[in-house]
Structure formats: structure tokens, C-alpha cells
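Chains as they are written, first to last, in the working numbering: chain A, 1 to 312; chain B, 1 to 291; chain C, 1 to 400.
Heads up, simulated EDC-like pairs for lysine to aspartate or glutamate below, C-alpha to C-alpha not over 20 Å straight-line:
no.: 1; chain 1: C; residue 1: Lys-310; chain 2: C; residue 2: Glu-274
no.: 2; chain 1: C; residue 1: Lys-79; chain 2: C; residue 2: Asp-64
no.: 3; chain 1: C; residue 1: Lys-210; chain 2: A; residue 2: Glu-126
no.: 4; chain 1: C; residue 1: Lys-298; chain 2: C; residue 2: Glu-375
no.: 5; chain 1: A; residue 1: Lys-127; chain 2: C; residue 2: Glu-209
no.: 6; chain 1: C; residue 1: Lys-396; chain 2: C; residue 2: Glu-378
no.: 7; chain 1: C; residue 1: Lys-218; chain 2: B; residue 2: Asp-130
no.: 8; chain 1: C; residue 1: Lys-149; chain 2: A; residue 2: Asp-139
no.: 9; chain 1: C; residue 1: Lys-108; chain 2: A; residue 2: Glu-260
no.: 10; chain 1: C; residue 1: Lys-230; chain 2: B; residue 2: Asp-2
no.: 11; chain 1: C; residue 1: Lys-228; chain 2: B; residue 2: Asp-134
no.: 12; chain 1: C; residue 1: Lys-310; chain 2: B; residue 2: Asp-130
no.: 13; chain 1: C; residue 1: Lys-211; chain 2: A; residue 2: Glu-126
no.: 14; chain 1: C; residue 1: Lys-273; chain 2: B; residue 2: Asp-130
no.: 15; chain 1: C; residue 1: Lys-144; chain 2: A; residue 2: Asp-139
no.: 16; chain 1: C; residue 1: Lys-144; chain 2: A; residue 2: Glu-126
no.: 17; chain 1: C; residue 1: Lys-400; chain 2: B; residue 2: Asp-134
no.: 18; chain 1: C; residue 1: Lys-400; chain 2: B; residue 2: Asp-130
no.: 19; chain 1: C; residue 1: Lys-203; chain 2: C; residue 2: Asp-169
no.: 20; chain 1: C; residue 1: Lys-273; chain 2: B; residue 2: Asp-134
no.: 21; chain 1: C; residue 1: Lys-333; chain 2: C; residue 2: Asp-110
no.: 22; chain 1: C; residue 1: Lys-228; chain 2: B; residue 2: Asp-2
no.: 23; chain 1: C; residue 1: Lys-130; chain 2: A; residue 2: Asp-139
no.: 24; chain 1: C; residue 1: Lys-218; chain 2: B; residue 2: Asp-134
Computed far set for chain A versus chain B, every beta-carbon distance over 12 Å:
no.: 25; residue: Met-1
no.: 26; residue: Val-7
no.: 27; residue: Leu-10
no.: 28; residue: Ala-14
no.: 29; residue: Ser-86
no.: 30; residue: Val-188
no.: 31; residue: Leu-264
It is worth saying that the hints were derived from the structure and are not from the lab.
Glycine included, C-beta positions come from ideal geometry on N, C-alpha and C.
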Amino acid sequence: MIARRLVGALAAVAIFALPLYGSPFAVALGLACLMYATLATSWSIFSGPTRTLSLATSAFFGLGAYCTAFALGSLPWPLIIFLGGSVAAAFAALIGLVVLRLRGAYFAVLTFGLGEVVRHAVTYIEKSQSGTVGRVLTDTPPAGTVYITVAVLAALAAVAYRTVARSDLGFALRGIGADEERAATLGVHVRRAKLAAFCLTAWFAGAVGAAAAVRWTYIDPSSVFNPFIVFQTVLIAMVGGPAKLRGPILGALIFSLLAELLRLRLPYLYMIVLGVLLILSVLFLPEGLAGVRWIDRLLAPRRRARAEASHV
Amino acid sequence: MDPSLFADLAVAGLITGGIYALIAIGLNLQYGLLRIMNIAHGEFLMVGAYLTYALRTATGASPLWFLPVSAGAMFLLGLALHRLVFRRLAATSASPEVLEERSLLVGFGLMFVMQNVALLIWGADLRGYDYLSDPIQYHGVVVTANRLLVFGVVVTISAALMIALRTTMAGKAVRGMLQSPLGALLVGVDTRRLHPICFALGLAMAGAAGSLLSMIFEVSPSMGESYTVTALIVITLGGLGHIAGSFVGALVLGLVESFGMYFTSPSLKVLLSYGVFVLVLLIRPRGLFAR
Amino acid sequence: MSRTFSGCLVWTMAVATTVATFALAPAARADEPPIKIGYAISRTGPFAPGAQVTQEPNYLLWADQVNAAGGIAVKGGKKRKVELIGYDDRSDVETTVRTYEKLMGSDKVDLILPPWGSSTNFAVAPLANKYGYPMLAPTALSRKLVDMKLPYFFAVLQQPDRMMGALVDFLADKKVKTVAVVYMDDLFGLENVNALLPLLKAKGIEVAEKKSYPLGVKDLSPTLKAIKAKNVDAFLGITYPPDTILVSKQSKEIGFAPKVFYSSVGTAFPLYKEVMGSAAEDVMGMGSWNAKSSPAAKAYFQAHVKKFSKEPDRWASGHAWAALQILQQAIEKVGLDRKAIRDYVATTEFQTVVGPIRFQGSENITTPGTIGQWEKGEFEVVWPKDRATAAPVFPKPAWK
Numbered sequence: 001m002i003a004r005r006l007v008g009a010l011a012a013v014a015i016f017a018l019p020l021y022g023s024p025f026a027v028a029l030g031l032a033c034l035m036y037a038t039l040a041t042s043w044s045i046f047s048g049p050t051r052t053l054s055l056a057t058s059a060f061f062g063l064g065a066y067c068t069a070f071a072l073g074s075l076p077w078p079l080i081i082f083l084g085g086s087v088a089a090a091f092a093a094l095i096g097l098v099v100l101r102l103r104g105a106y107f108a109v110l111t112f113g114l115g116e117v118v119r120h121a122v123t124y125i126e127k128s129q130s131g132t133v134g135r136v137l138t139d140t141p142p143a144g145t146v147y148i149t150v151a152v153l154a155a156l157a158a159v160a161y162r163t164v165a166r167s168d169l170g171f172a173l174r175g176i177g178a179d180e181e182r183a184a185t186l187g188v189h190v191r192r193a194k195l196a197a198f199c200l201t202a203w204f205a206g207a208v209g210a211a212a213a214v215r216w217t218y219i220d221p222s223s224v225f226n227p228f229i230v231f232q233t234v235l236i237a238m239v240g241g242p243a244k245l246r247g248p249i250l251g252a253l254i255f256s257l258l259a260e261l262l263r264l265r266l267p268y269l270y271m272i273v274l275g276v277l278l279i280l281s282v283l284f285l286p287e288g289l290a291g292v293r294w295i296d297r298l299l300a301p302r303r304r305a306r307a308e309a310s311h312v
Numbered sequence: 001m002d003p004s005l006f007a008d009l010a011v012a013g014l015i016t017g018g019i020y021a022l023i024a025i026g027l028n029l030q031y032g033l034l035r036i037m038n039i040a041h042g043e044f045l046m047v048g049a050y051l052t053y054a055l056r057t058a059t060g061a062s063p064l065w066f067l068p069v070s071a072g073a074m075f076l077l078g079l080a081l082h083r084l085v086f087r088r089l090a091a092t093s094a095s096p097e098v099l100e101e102r103s104l105l106v107g108f109g110l111m112f113v114m115q116n117v118a119l120l121i122w123g124a125d126l127r128g129y130d131y132l133s134d135p136i137q138y139h140g141v142v143v144t145a146n147r148l149l150v151f152g153v154v155v156t157i158s159a160a161l162m163i164a165l166r167t168t169m170a171g172k173a174v175r176g177m178l179q180s181p182l183g184a185l186l187v188g189v190d191t192r193r194l195h196p197i198c199f200a201l202g203l204a205m206a207g208a209a210g211s212l213l214s215m216i217f218e219v220s221p222s223m224g225e226s227y228t229v230t231a232l233i234v235i236t237l238g239g240l241g242h243i244a245g246s247f248v249g250a251l252v253l254g255l256v257e258s259f260g261m262y263f264t265s266p267s268l269k270v271l272l273s274y275g276v277f278v279l280v281l282l283i284r285p286r287g288l289f290a291r
Numbered sequence: 001m002s003r004t005f006s007g008c009l010v011w012t013m014a015v016a017t018t019v020a021t022f023a024l025a026p027a028a029r030a031d032e033p034p035i036k037i038g039y040a041i042s043r044t045g046p047f048a049p050g051a052q053v054t055q056e057p058n059y060l061l062w063a064d065q066v067n068a069a070g071g072i073a074v075k076g077g078k079k080r081k082v083e084l085i086g087y088d089d090r091s092d093v094e095t096t097v098r099t100y101e102k103l104m105g106s107d108k109v110d111l112i113l114p115p116w117g118s119s120t121n122f123a124v125a126p127l128a129n130k131y132g133y134p135m136l137a138p139t140a141l142s143r144k145l146v147d148m149k150l151p152y153f154f155a156v157l158q159q160p161d162r163m164m165g166a167l168v169d170f171l172a173d174k175k176v177k178t179v180a181v182v183y184m185d186d187l188f189g190l191e192n193v194n195a196l197l198p199l200l201k202a203k204g205i206e207v208a209e210k211k212s213y214p215l216g217v218k219d220l221s222p223t224l225k226a227i228k229a230k231n232v233d234a235f236l237g238i239t240y241p242p243d244t245i246l247v248s249k250q251s252k253e254i255g256f257a258p259k260v261f262y263s264s265v266g267t268a269f270p271l272y273k274e275v276m277g278s279a280a281e282d283v284m285g286m287g288s289w290n291a292k293s294s295p296a297a298k299a300y301f302q303a304h305v306k307k308f309s310k311e312p313d314r315w316a317s318g319h320a321w322a323a324l325q326i327l328q329q330a331i332e333k334v335g336l337d338r339k340a341i342r343d344y345v346a347t348t349e350f351q352t353v354v355g356p357i358r359f360q361g362s363e364n365i366t367t368p369g370t371i372g373q374w375e376k377g378e379f380e381v382v383w384p385k386d387r388a389t390a391a392p393v394f395p396k397p398a399w400k
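Same shape as in the complex, but just chain A (with noise of 0.2 Å):
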């Protein structure tokens, strides 16, 4: 038990510690890693329990970059995030209010499109008015200092999707992704539960978008909300498990650094095999990598009953 603390508290220390021994690759390539990290966590957090597939996080991260687009230089670096953060979940509290009655692939695909009309909308705005479409950043914080917020954001991320799935949330949530009719005859506020959850979901990935957009020197619409972020999202939770926490973690981990590799080590190949060994990944790890039974024994081998009980 202590000895597990013990490593814990390592791996914590060398994660946040990076950028102070690490090549700029790594860091680089670390903060990719916690950045698809948050990203499918905290959408784990809603799409996870109630089972509906959300396509709106590249809306809620390009909101967020634009939130430092516009307040770089002129507010504290903390309350950009806060505040990339906060205008991303103001959006979905917007349209959750309308949207979240949907469910199954018309909620996926309507989020789906409901970014792309961000996109479309941002573009056409700022064309209008600046007779532009893109926006130059400068004075931008060091590598790391936006590692370091990425990390804090995914270390976030983890308390907050743990601490929902042990709430009354987390359970109210599950309930409406077994059967959502049932869940609301029982007393859930269906509508309540899902709209906190969704929030809770595109505020991350606002705050991750605010953090990433300076990475980039120039944002313009279609890098930012570029649809390929929430397929990628999509890919890692779900490969991961998003059940249980470890599952986009992992995902996360195992995806970037897998994919990083193959893409340096077979500059024309790597895609094959990587889509190869999705296909097989789905074909023979029916609950994700999070289901993979040694990863299970490794992370928790004496709480695991304990936690099969309470998995509803």
C-alpha cells in the first residue's frame, strides 16, 4: 500500500518535473500526451456514464483558443485558462439547454455539426470585422509554463471525473446511461444531471484549448477547431474504456506515445499499422485497455473486489 503511494507520488513528481530535464522533444511530446490526456477524461466524465457520444469538444477547445487569442498580453496567464475555460462551458450550458434532449448518433452527429457552425460562424466574424481570419499571438509563455498548466489541467481532470463518478452525479448520471426513462421515473433530474456533466466536460477542454493555442504562434478556425481533435479524443477514450479512469489515462499514454514512435520509425507506414492495430485492439479488448486483465491486477489487485462491487 505505502509502496504504491510511494511510486505514485514519484511518477506525479517526474511528470510535473519534465521540463527541467527533459529535451524540448520530450516535453514536446509530454504535453501532447496530457493534452489528449484531460481532453478524454473530462469527456469520459459525461459521454462515459451515459453512454452518449459528445462530437462537441473541438467547438469548446477552439473557443478556448480564442479566449487567449483575444486576452493574451492583457490578462494574467492563469485567468486566460479560467476564463477559456468558463466561455467554453457558458457555450455548452447555452446549447445543452436545447440539445442535450437528443440522444444516440443525432446527438453525436447534431454536436458534430454544432461545431462546425462554431467554426463557420468564427470564421465569418472575424472576416467581417478584421478583414482577417487569423490571429498572430505574441508574447507567449514558455514551453513550460504551458506544460506545467496542461499537467495541473489533466491532474484536474482526474479528480474531477473521479469525484463525479463517486458523487450522486456520477450515479445519477450511470442511471440515465442504463435506461434514461427509469432513471427519471426514479427521481433523477435527467435534464440537470446531464447539463452539469457536459459543462463540466467543455470546461476542460476550453481551459486545454487556452493553454494549447500558444504552442502555435498563428490560430486561425480551421486549425483550431479542427475536427480532427475530437476525433482523436473519441478514439483514445473509448480505445482506453472510458468506464473507469484509468481507461482514458491509459489511452492517452499508450495512443500518443505508440503513435509518436510509429510515425518516427515508419514515416510512410505508420498509419497502416496504427489503424491495424486499432481494429485489432477493438476486435480482442472488448472493455478497452482499462479491461485488460494484468493492467487491472497491476493497478489495484486488492481493491478490485471492492470496486466490482460498486460498479452499478
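Please build the complex by placing chains B and C on the supplied structure of chain A, with the hints as guidance.
Okay, now just chains B and C, sitting in the frame of chain A:
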């Protein structure tokens, strides 16, 4: 408004809609029937397009000859994929939702593989050929021959499919499966044989769509994604599993785009299309023709 | 298969792949150590078509040619071969930035070559500047980027004001009175339009219609028909290859044949001729060279065709090759000290396949804005007159 202008915009919209319809119907067949969310649908379209392009450039013959080749190749590929991947997926999934999720992931994997294989074979450059691009005029309405041809083929194929679904035994069996998978089993529908055939048929339609599109537009390995997105929008708009619904939804979308572009600006086209889509779903959450 | 077994199976495969790829280290080289030149370029994703026509083939061809000659004589001394280290950037800015961090920060390659496209160059230029790696970019078109005044960044392509300036001069010369402008909704489209409009106004040319469109548009005939109805003298399209072909085809379909038909990017690609066939005749676009421009240009053209069985494009491909020529000349003159290379590039006039090139700050100030036009199956340079390989055809006759 000038009547010939109106006719012009309407015709342009219907033809664009027709193209969307062909792509969407194949996807709807797969999803409505099998709950397989084939996000790699556009990739099969792309391969179909490349096959027709390659054969046409090699032989110089009319690409129409290669339409059945593209469709047939995709049909066979569909059968193989169903056998190797999707059958096992369906067997090991605890519920239709789980199957949907897992087939989504498999779709991603297929997307990576197919796009990159195409890249390796044909390279990333845009490619294209010229076919029947002469305009046809009728009372102030101008349309290119190739677009008209594509529309004609689309209507034929869609009509044939919808008629087959209504009148033939196999078609009725498929409709039975669409309405109630369990019920179909109970009345003795041979789902084991019909599933792979329907799946493969969906892909064949994607291949056919790709073949037709290669006559009008350029091909590139990444052309499939935007069509997958359009197909998803259309089938959701029309109602998942409702074949005729996709057809109507596609035409509606095409018309909205055509008129919208004219009155506002092409930049707003996407905003309009998605806007209409979002609006429709809010009013009718299960699509225009919900079952 | 039991869950444990299948899980283990997949894991073993994943681990095996990882180990195998690690083990696939490149073989060691004998003789002089090679000059390591790294880059990330789009091999997949939406930027790939452009990057694979205009940029990466030139990198590969150059390395081949240089190595066939025994290498580059570093500072006039020993010849060293070039080793290209290229990665796919997936048309994703984050991946591009990360890759260059690796190349410059961790691997510490000798030199870098730029990625494709304005937005990617935007992301990489400050980074290259930070690490002190000179970057000669043939596909970066943005006044904003040039205005950032990064000492290590050099834009080899002509900037919007020059290209549009050449266009407007030509229009004024031919006494064109009215134009219609259609443009792409992105950095390239907007910067060019913003450069174009004031220049048109200064020459008293009226803009009868101005419409923008998003990437991936599939039908512009309603817009084109509206433009046709206005009877303009010239059509100016700030478009990318797929849209260039779209507006050309659709204009032909509706019989819209103004006196000048200009469609910026893609007209210079061999693809345009392939798809449009005889209809390409007399269409204008951005182009600054062809095989007739000089013997060196001809040699380059033929080498490109021989290696890739496809022609280079008549605009940025030439500039990509020119950038490589400049780099090579710099290495031969001052060696591999990156600061020395930067200083040399910043202060010298070079002879290249697209003519003389000299930089002021980040901008190429010698290559003028140019216009190309398809004439009898070749994309000729028709403006300015002193660079022209053929006279311009004006007015453009009806579509063939």
C-alpha cells in the same frame, strides 16, 4: 424572381442533393440495419473513385463501364470485411449501443488503413479526368452533361433499391430486419445471409458514388472524409434507417445549399446547411421521417 | 479466445512492434559524416496534395542530385553527402511543431527545410528563429509573417502585394474597366484580396462583384452565373487547385468567358492541363517560370520529370528549387555554421532557376510579381514583359 433563374437554382440543388443521396443511402442501409456506424464509408467511395479513374486513364474507355467494376469490387470487399471483422464484433457486443461504439472505432482504423494504402499506391496529388463536361441548355437552365448523367444514375439506383425493398421477398425481409431485428429472426428471416449482403451492398453503393463523382470532381486520398460527414448529416436529417428519408433529406439539403448560396454567399453555405440541420433535429429529434 | 489470452496477444504484438521499430536503427555510414537535414512535411491530410506536388519532391530530387555528385563541398573543402530526415506532419500544426522541436532541440540536425503552407510556417518560423536555424520557405505567403521580422526566416515566394501588383498593372495596361473577384475564405485568400482591392481602386478599376467561399465548396455556378450577368471585363479568382478547376469548369459550362480569366493557384499545376484539356487555353494564374526561362530551369524541369514521372508546377516548385540552390550555395561558401549561413543569405544576391534572388529582411525583393498563362499547352510567363517567355493573349477567346 425570374422563373428560369429559379429553375436553374432548383436543378443545381436537386443534382447536388442527388449526389448526397447516393452516398447517404448506402450508409443508412448499414446503420439502420446493422447499427454499424461505418465512419470509413467515404473511404470506400474514394477507392471506388480511384478504381474508375485508374481504369479510365489506362484504357481511355467511358468511365460508365467501370461503374459496375467499382461497385462490384466494393461489394466483395464488404463481404470480406463483414466476415473478418464485423461478424465477430456483432457476436461479442453485449448490446446494439456497444456494437455501435465498437464499429465506430473499427471505422477509424479502416479509415487510417485505406487512406494510407491509397496514398502509397497513387500518391497525394489531386488527379482527375475530363468526361462529358459539355453543357446542356434548356430554356435558360444550364447543366453539364456529366452532372445530369450522375443524377440520372442516382435516381435509377435509388428507385431500384426502394422498389426492391418494397416488392421482392428479400427486400421485405430487409425491411423486416430494419423494423425489428428480433422479430425478423422469429419469422424466419435468414439474417446470417442477409446481413453481410446488406453490408456489402451499402459499400457497393459507396463505390458506385465514388465512381460517379470521379466524372465530375478530382480525386485525392482524403476526399472521402467530407462525404462521410455529409452522409451522416443526411441520414440523421432524414431519419436513421429510413431509406426514402435519406433521399428526401439529401434533396432538401442540396436545395438549401443552392438557394442559400445564391442569396447570401458561398461562405455561408456551410452555416446554412448545418443551421437547417440543427433546426430540423430540434423540432423533430429523430429526423424528418422518424420511425 | 479468453479475455486474458486475447488481451495478452494484442499487447505482445504492440510491444513487439515497438521493439522492432526501435531496433530498426539506420545503418552507420562510412567516409565523411553526412550533412543531416531534417524536415516535417504533409504526406497525409488536407495539405498533402499541395506539399507533394510543390515541395517534397524537390527536396528528394535535390538530395539525389547532390549525392550523385559526391556531396556538397562544405566551405569549398571536403565533399559531404546530404542525409534527409523527413517526417509526416499529418497537416497538423501541433505535430509539425513537435517534430521540429525534436529535429532542432533534441536531434540537433545540421539544417532544416521548411514545411508546407502559410499557417505551418507561421508556427515553425519563430521556433527556427529561437534555435538559430535558417529557414528558406517557398510556400509561405503572408505579409504578417514577413512583418514579424524574424532574422532567420526568409520567404522565397513573392508576397501578395507583388503578385497582385503585377496583376493590376497588367489589367491597367490592357485598359480593363470592371472586374469580379471570388476568393477563398482563409489567410491566403484574404491577404491577397486585401492587397488587391486598394490597388484596383488606385487604378480606377471597378469591382462589380466580390464573393468569398469556404474550402471544399462543390458548386459555384449560382455565383458565377450572377457574375456573368454583370458583364465584367475580367474574372479574378483567388483560389486553390480544387476550386480553380471548379470555377474554370463551371465558367466554361455556363459560357462565362470574360476578356481575362485569372485563377490564382493550381493553374500552374500540370493537373490543370490534364483535367481541362484544350479548355485550359488562355487561362491565367500565378506562375513565375517554365522550362524556357533559362537553361538551368530546363535542366531542372527535365530532371524532375525523369525522377517522378510528373512535371513540377510552374510557380512554387521553382521557388522551392531556388531555395535549395541558395542553401547549397551558402554551404559551399561559408560552411555549416548556421549563423554564418543566415548572414550570407541575408546579404547576397543569388542566381537561381527563377532568376536572381536577394532578400531584404525576410522578403525576396528581386523576384517581381508575375502572371502565367496557358498558351498552346505550356504555362508561359506573360508579365512583366522583361521576364515573359511569351506575349499575353488578350482578350481571352471563348472556351475551347
